[in-house]
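**Student:** Sequence:
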Amino acid sequence: MRGRYDARIHLQSDNELAELGAHFNAMAQALENDAAQRLQSEQATEKAVADLAARELLLQQILDTSSVGIFLINLEGRITHVNRRTAEMFHWTIAELTGKEYVDLVAPPQREIGRNRMLQLLAGEIPLSEVERRYWRADGSEFWGHLSGRRMLAVDGQTVGLVAVMADITDSKRAEERQQHHNRVLKCLADKVSMQAVLETMVLDVQAMQPTSLCSILLLDAQGQHLHHVAAPSLPVFFIQALDGAAIGMGVGSCGTAAFTGKVAIVEDIATHPWWIPFRDLAQQAGLAACWSQPILSAQGRVLGTFAIYHRTPGGPSAADIELIEDEARLAALVIEKSHADSRLQLAASVFSHAREGIIISDAAGIIVEVNATFTEITGYTREEAVGQSPPKLLKSGHQGREFYENRHRVLQEKGYWTGEVWNRRKSGEVFAEMLTISAVRDAAGELTNYVALFTDITPLKEHQRQLEHIAHFDALTGLPNRVLLADRMQQALTQSQRRGLPVAVLYLDLDGFKAVNDTHGHGVGDELLVALAHRMKGALRNGDTLARIGGDEFVAVLVDLESVGDAQPVLQRLLQAAADPVDMGSNSLQVSASIGVTVYPQDGVEADLLLRHADQAMYVAKQAGKNRYHLFDVAQDTAVKTQRESLQHVARGLQRNEFVLYYQPKVNMASGAVIGVEALIRWQHPERGLLAPAAFLPLIEDHPISVTLGEWVIAAALGQMTQWRAQGLDVAVSVNIGARQLQLNDFAARLTQLLAQYPNVPRQRLELEILETSALQDITQVFQSILACQAMGVRFALDDFGTGYSSLTHLRHLPAEVIKIDQSFVRDMLEDQDDLAIVKGVIGLASAFHREVIAEGVETAEHGRLLLELGCEQAQGFGIARPMPAQELPDWVRSWQVKAIWTV
0 MRGRYDARIH LQSDNELAEL GAHFNAMAQA LENDAAQRLQ SEQATEKAVA DLAARELLLQ
60 QILDTSSVGI FLINLEGRIT HVNRRTAEMF HWTIAELTGK EYVDLVAPPQ REIGRNRMLQ
120 LLAGEIPLSE VERRYWRADG SEFWGHLSGR RMLAVDGQTV GLVAVMADIT DSKRAEERQQ
180 HHNRVLKCLA DKVSMQAVLE TMVLDVQAMQ PTSLCSILLL DAQGQHLHHV AAPSLPVFFI
240 QALDGAAIGM GVGSCGTAAF TGKVAIVEDI ATHPWWIPFR DLAQQAGLAA CWSQPILSAQ
300 GRVLGTFAIY HRTPGGPSAA DIELIEDEAR LAALVIEKSH ADSRLQLAAS VFSHAREGII
360 ISDAAGIIVE VNATFTEITG YTREEAVGQS PPKLLKSGHQ GREFYENRHR VLQEKGYWTG
420 EVWNRRKSGE VFAEMLTISA VRDAAGELTN YVALFTDITP LKEHQRQLEH IAHFDALTGL
480 PNRVLLADRM QQALTQSQRR GLPVAVLYLD LDGFKAVNDT HGHGVGDELL VALAHRMKGA
540 LRNGDTLARI GGDEFVAVLV DLESVGDAQP VLQRLLQAAA DPVDMGSNSL QVSASIGVTV
600 YPQDGVEADL LLRHADQAMY VAKQAGKNRY HLFDVAQDTA VKTQRESLQH VARGLQRNEF
660 VLYYQPKVNM ASGAVIGVEA LIRWQHPERG LLAPAAFLPL IEDHPISVTL GEWVIAAALG
720 QMTQWRAQGL DVAVSVNIGA RQLQLNDFAA RLTQLLAQYP NVPRQRLELE ILETSALQDI
780 TQVFQSILAC QAMGVRFALD DFGTGYSSLT HLRHLPAEVI KIDQSFVRDM LEDQDDLAIV
840 KGVIGLASAF HREVIAEGVE TAEHGRLLLE LGCEQAQGFG IARPMPAQEL PDWVRSWQVK
900 AIWTV
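No gaps in the numbering here: position 513 of the sequence shown is 512 in numbering that gives the first Met the number 0, and each next residue is one more.
For the record, the hints were derived by calculation from the structure and aren't laboratory data. A hint or two may mislead.
Unchecked claim - List time: in silico DSSO-like cross-link candidates among lysine-lysine, alpha-carbon distance up to 27 Å: (1) Lys-641 - Lys-622; (2) Lys-641 - Lys-514; (3) Lys-337 - Lys-191.
As the list claims (entries may be wrong) - Here are the simulated distance ranges between beta carbons: (4) Gln-764 - Pro-693: 23 to 31 Å; (5) Lys-641 - Gln-178: 35 to 43 Å; (6) Gln-623 - Asp-730: 58 to 66 Å; (7) Ser-140 - Lys-641: 38 to 46 Å; (8) Ala-246 - Gln-284: 45 to 53 Å; (9) Ala-246 - Met-208: 50 to 58 Å; (10) His-408 - Lys-641: 54 to 62 Å; (11) Glu-658 - Thr-211: 48 to 56 Å; (12) Ala-106 - Met-584: 53 to 61 Å; (13) Lys-99 - Glu-129: 16 to 24 Å.
Glycine residues also receive a C-beta, built at the ideal position from the N, C-alpha and C atoms.
Throw the hints in and build the complete structure from the sequences for me.
**Tutor:** Here's what the structure looks like:
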């Protein structure tokens with residue numbers, strides 16, 4: 000408890016007491032002054048502590064916004080403070096990292112070196128430590144880190160520990176290894192090292208970059224049929240010897256399949272994959288569990304060999320693995336075709352060896368208050384030139400407008416941070432790209448105090464991406480768009496056509512005679528010719544059109560914004576002329592021509608890939624028509640062919656799935672009432688369209704071999720049904736319709752014999768084959784011999800739809816059919832049409848004259864039957880007697896059938 004320093008004594012007596020009071024008052028005043036000073040000191044201390052806490056908070060927030068790891072090490076080598084990025088790199092929490100020994104984070108092979116380096120730095124033997132080494136994460140995995148370490152000194156100059164700044168440089172180290180690998184290979188080529196030695200260097204390098212892998216390179220022989228190892232230093236000798244010279248083919252291991260298909264072949268588990276069945280035991284003996292093989296392709300797309308990566312454990316490749324194997328296959332192609340290496344491929348890679356960031360600290364108003372040295376290195380501005388400036392005004396390149404900066408400020412206010420790419424300008428005026436992160440820093444009260452911006456110069460990376468983008472979208476030889484870019488251009492053209500309503504023409508161009516140039520003068524001259532022609536043909540197009548090279552001597556042009564199809568003709572003529580004009584190649588004058596296929600959208604209203612295929616088909620028509628010309632794709636003809644093909648496929652599939660059934664229509668003697676037989680009529684129980692009559696599908700297959708297959712199925716099904724009926728006590732003759740193509744087979748009788756042999760319980764005379772008069776007349780001699788051969792076995796024949804042919808009477812004597820069937824069209828209308836009645840009478844008369852049986856189709860009413868009986872025709876079939884019915888219904892119908900009363904009068 001404090002005293003009352005403001006107390007005073009008021010005395011007005013004698014001098015001694017007055018003097019005592021004066022002394023007391025003086026002492027009280029001194030005490031009051033001393034207490035005031037102590038209070039002032041305490042307040043100053045509290046303010047200093049608060050200021051220190053605020054600065055410490057600001058420092059921690061700055062550290063946590065950094066994209067590099069920052070941590071402190073005490074004199075015992077233990078970590079005392081870490082920022083968030085450090086914890087992220089090591090996959091530990093900040094709490095778990097705090098207190099750990101620094102050297103425990105170093106990978107074992109470099110741990111002792113790391114310890115010695117740390118001790119040297121603590122002892123002041125070295126002022127700074129800049130190292131790149133491997134570190135361990137919490138899960139045991141390794142990563143590369145770049146470490147910068149300095150001593151921390153107290154006010155008295157004594158060392159109190161170390162401050163370390165670390166960046167994860169794993170990606171840049173891998174890129175560096177890849178770049179060094181590329182450089183070694185190129186140096187080998189420049190030094191004229193043998194192809195095999197260069198390929199072995201490649202394999203060893205990849206195995207060093209991927210220590211768990213075993214790699215091999217195999218090349219195709221001159222015939223392109225067998226693979227031979229040229230570089231496989233780590234594979235067992237017995238394995239190499241056993242596979243060397245293996246023929247390529249689908250399913251012949253990973254490499255044989257890749258070489259055969261020209262596509263990557265991934266086998267994640269050799270023990271279970273069918274491609275490796277021939278070599279499974281061999282691979283198991285060699286300890287190989289997975290194999291990924293990439294074909295090595297020439298610039299013209301020809302398979303040269305394969306690049307394979309084996310692993311001792313099953314597994315599939317990552318995206319990085321795919322990129323690596325594709326890159327190595329391309330590099331191997333460069334080695335194999337080193338005469339073309341300089342003109343076909345440029346190795347352009349940007350490797351970032353250190354992740355160094357520029358730092359800008361601005362106040363709440365966005366004015367720069369501090370920058371670091373890297374800021375100066377990247378931008379060229381010194382600290383003095385930068386402080387007091389606004390970063391957007393100082394570095395503004397003009398690439399981003401006002402809206403960009405307003406949006407960035409809005410996101411900063413809402414989220415407290417912003418990350419993105421920005422184009423800025425150096426002091427020299429050069430524009431550069433940077434990856435920028437801005438964070439808002441707030442004090443304990445939540446008030447905005449500063450902005451911290453961290454950025455990295457990514458201009459080399461942007462250039463690298465641009466080069467990769469170019470390689471991915473343009474042909475390396477001619478500089479024209481490749482398939483990838485062509486697909487994009489075509490899609491844009493189709494979208495534009497839909498929006499504007501203007502046609503688009505797609506041209507598929509193939510050079511005539513180019514192979515002869517290659518064979519005679521070599522691929523080098525052939526490549527020069529391709530470059531010259533590509534330049535010419537590109538000049539023949541209009542602005543906005545696209546010319547792409549899609550491989551070898553094949554090109555595709557896309558013509559947009561055509562007012563009509565005719566607008567494409569001048570361009571086509573210019574292209575033909577550009578291809579046909581001679582090209583001077585030194586002492587040689589070379590000349591080829593072009594065949595062009597054309598299709599037009601939206602007349603050919605299909606997707607881009609089908610447009611390309613249709614143009615390709617039209618090109619082959621132009622080539623077959625004599626070359627040096629163009630041909631327009633016929634959409635209607637293609638649709639008809641496609642419909643026919645699809646119909647044939649559907650019928651074949653229906654046969655496989657047992658979708659066809661037979662219905663049976665009874666045939667009777669109207670005079671006696673006897674059931675004399677049934678006609679087997681095919682139906683299709685379609686899974687989507689329901690029960691289909693023959694007219695819905697038979698005309699589509701009439702001239703195709705599948706009609707024979709279907710016809711033989713009908714005979715077999717009818718014979719099988721007759722066998723079942725006979726077992727049930729129903730003995731009924733069955734007539735089956737035979738198509739023209741089937742009837743005209745040279746071995747028709749022999750094939751029928753084989754079918755009959757499968758059903759020995761069916762009497763041959765109970766089978767009747769109905770043939771059309773018109774189909775028989777196509778080759779009447781052959782049909783005549785087939786009928787005689789079948790009749791010799793007991794099989795009967797009926798001439799169906801008689802009277803519809805153009806020479807019925809003339810050839811009737813050449814067709815020894817036992818039965819003539821009057822066509823239903825005449826029978827149905829004979830009650831009203833005297834001409835039809837006359838024809839019916841005539842057919843009945845002819846049958847009698849030639850001693851043939853006669854049966855009428857199309858009896859729909861009792862009156863039809865009465866008139867036929869009057870004319871002398873007793874046998875008939877039709878809806879008036881019975882409709883076609885399933886086989887299981889026929890026995891009941893036969894038992895219940897009764898002849899019409901009018902027919903018995």
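**Student:** Each hint: holds or not?
**Tutor:** Each hint tested on the structure:
At roughly 22 Å between alpha-carbon atoms, Lys-641 and Lys-622 fall within 27 Å of each other, so this suggested pair holds. Taking the CA atoms of Lys-641 and Lys-514, the gap is near 33 Å; set against the 27 Å cutoff, the hint is violated. Taking the CA atoms of Lys-337 and Lys-191, the gap is near 10 Å; set against the 27 Å cutoff, the hint holds. Between Gln-764 and Pro-693 the CB atoms are about 26 Å apart, so this pair conforms to the stated range of 23 to 31 Å.
The given range of 35 to 43 Å is broken by Lys-641 and Gln-178, whose C-beta atoms sit roughly 52 Å from each other. Gln-623 and Asp-730 have their C-beta atoms about 59 Å apart, which keeps the hinted 58 to 66 Å range intact. Between Ser-140 and Lys-641 the beta carbons are some 55 Å apart, a value that contradicts the proposed interval 38 to 46 Å. As the Cβ distance of Ala-246 to Gln-284 is approximately 22 Å, the hint placing it in 45 to 53 Å is violated.
Checked against the given bound of 50 to 58 Å, the beta carbons of Ala-246 and Met-208, roughly 32 Å apart, lie outside it. Checked against the given bound of 54 to 62 Å, the beta carbons of His-408 and Lys-641, roughly 59 Å apart, stay inside it. The hinted range of 48 to 56 Å is satisfied by Glu-658 and Thr-211, whose Cβ atoms lie roughly 54 Å apart. Distance hint check for Ala-106 and Met-584: the Cβ-Cβ separation is about 58 Å, which falls inside the suggested range of 53 to 61 Å.
Between Lys-99 and Glu-129 the C-beta distance comes to about 22 Å, which sits within the given range of 16 to 24 Å.
Checked against the numbered hints given earlier, the structure breaks hints 2, 5, 7, 8, 9 and satisfies all the rest.
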